[in-house]
Amino acid sequence: MTILTLTTLVFTGAFTAGLIGALTGLGGGAIIVPLLTLGFGVDIRYAVGASLVSVIATSSGAAAAYVREGYTNVRVGMVLEVATTIGALTGAFVAGLVAPSVIAVIFGLVLLHSAWQSLQPRVEHITEGPSDPLAKALRLDSTYPTEHGPQHYKVQHVPAGFGLMYVAGVLSGLLGIGSGVVKVLAMDRAMHLPFKVSTTTSNFMIGVTAAASAGVYLHRGYIDPGLALPVMLGVLCGALVGARALPKLETRKLRLVFSVIVAILAIEMLYNGITGRI
Amino acid sequence: MAHSPESGHAPAEERVEQFIGGLLRIGVLIAAAVTVAGGAALLARHGFARADYHVFHGQPAMLSSLGGIIAGVARLDPRAIVQLGIVLLIATPVARVLFTLVAFALRRDWRYVLISGIVFGLLIYSLLAG
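Same order as they appear, the protein sequences are chains A and B. Counting the first sequence from 1 gives a position; this note's numbering is that position plus 4. Counting the second sequence from 1 gives a position; this note's numbering is that position plus 299.
Just so you know, the hints here were simulated from the structure itself, not pulled from any lab data. Watch out, some of these pointers could steer you wrong.
What the hints assert, rightly or not - Simulated restraints, written as ranges between beta carbons of each label pair:
| # | chain 1 | residue 1 | chain 2 | residue 2 | range |
| --- | --- | --- | --- | --- | --- |
| 1 | A | H152 | B | A311 | 19 to 29 Å |
| 2 | B | D351 | A | Q124 | 35 to 45 Å |
| 3 | B | Y424 | A | K252 | 39 to 49 Å |
| 4 | A | A69 | B | R344 | 31 to 41 Å |
| 5 | A | C241 | B | G321 | 15 to 25 Å |
Built from N, CA and C at the ideal position, the CB exists for glycine as well.
With the rest of the complex left out, here is chain A:
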């Protein structure tokens, strides 16, 4: 295959991944690595490097819009970024120590969990009681815009959220994904942030988290310009188109379809990892 053909095909695949990622809110990162490794036979280290770059592009692009709308909690983001960046550096170093097939197996397991998690209904946990003392000391409680004006919310269980964020960072650095699922878990379930706040703050942090591991990947030579180019531009264009189409679509069915695709990719990754083909 010539570079021109590969670039065109990878761009098309990455565009689709970015589009579906934006429509379902799960991000395109989860599909890029399986697409490159299973579909194009790319070495998983190049695939993870290219995926990380695309994750930075989409999250920064989307965060630019969200942060202006006032949903993002910048202070919560900054505090939790300490955990995700340490995690991301850990993940990136571990990625250099373990065999590619081990990464493929972990990737498969995380994908399976993401597929299952995205089908679960999200339950809003708004607490009436007092906030976590740490949230008070760090002034994490804030407000977000609603139809009826600014709504106040209190932040709970900061240490638990911090711990889960470290895990999200490790997975991000190891697998080249945004780990949005784990981040939202930490902020919805543990810290009781409203949906809009946890989704946008998670997205705000993904760029910084991925940048922490991308530096390590760059120095290790895992980021190939020829491959990162179509992946980054494809996912970015797909995400932009997806964000525009989003308000007009029924996303529940889309999530179901996406979860099935992700589950199939997960099983493929597991099979190829276990049999040592990756």
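Starting from the structure of chain A, add chain B where the hints point.
Just chain B, lined up with the frame of chain A:
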């Protein structure tokens, strides 16, 4: 304290949010533009060469260190230009953290200066030494 009607955030906080939004947008746009320019040159020069990503070789120093990339860009090497675009993209969230640090320092919010400082330090370590 006067609050903005929509988000309920303080005006000073809202100005920081607006600036961060603009910074991220410009960073992504510049990075994408550089990458597209390098990519066009790359395809024009090597488009019909055989692609080989099945076997991992790593990258030469020219494409894996900041000094090497800058030297490559000076020679107008297409791969180095694409890589520069990627480095600019990685630098975008880093610039955001640095700006947040400055904004907290201007408001004498030392706890948050420390927190952003830790994150900034980790990012610089990764980018320069990682």
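Next on the checklist: Within 31 to 41 Å: is that where the Cβ-Cβ distance between A:A69 and B:R344 falls?
Outcome noted: At 36 Å between Cβs, range holds.
- Task: Confirm or reject the claim that A:H152 and B:A311 have a C-beta distance inside 19 to 29 Å.
- Result: holds, 25 Å
task: Evaluate the given range 35 to 45 Å for the C-beta pair formed by B:D351 and A:Q124.
output: holds, 42 Å
Note to self: Please check whether A:C241 and B:G321 have a Cβ separation lying inside 15 to 25 Å.
What the structure shows: Check passed, 21 Å falls within 15 to 25 Å.
Legend entry - CB-CB spacing for A:K252 and B:Y424 relative to the 39 to 49 Å hint: holds, 44 Å
Hint compliance for this structure: no hint is broken.
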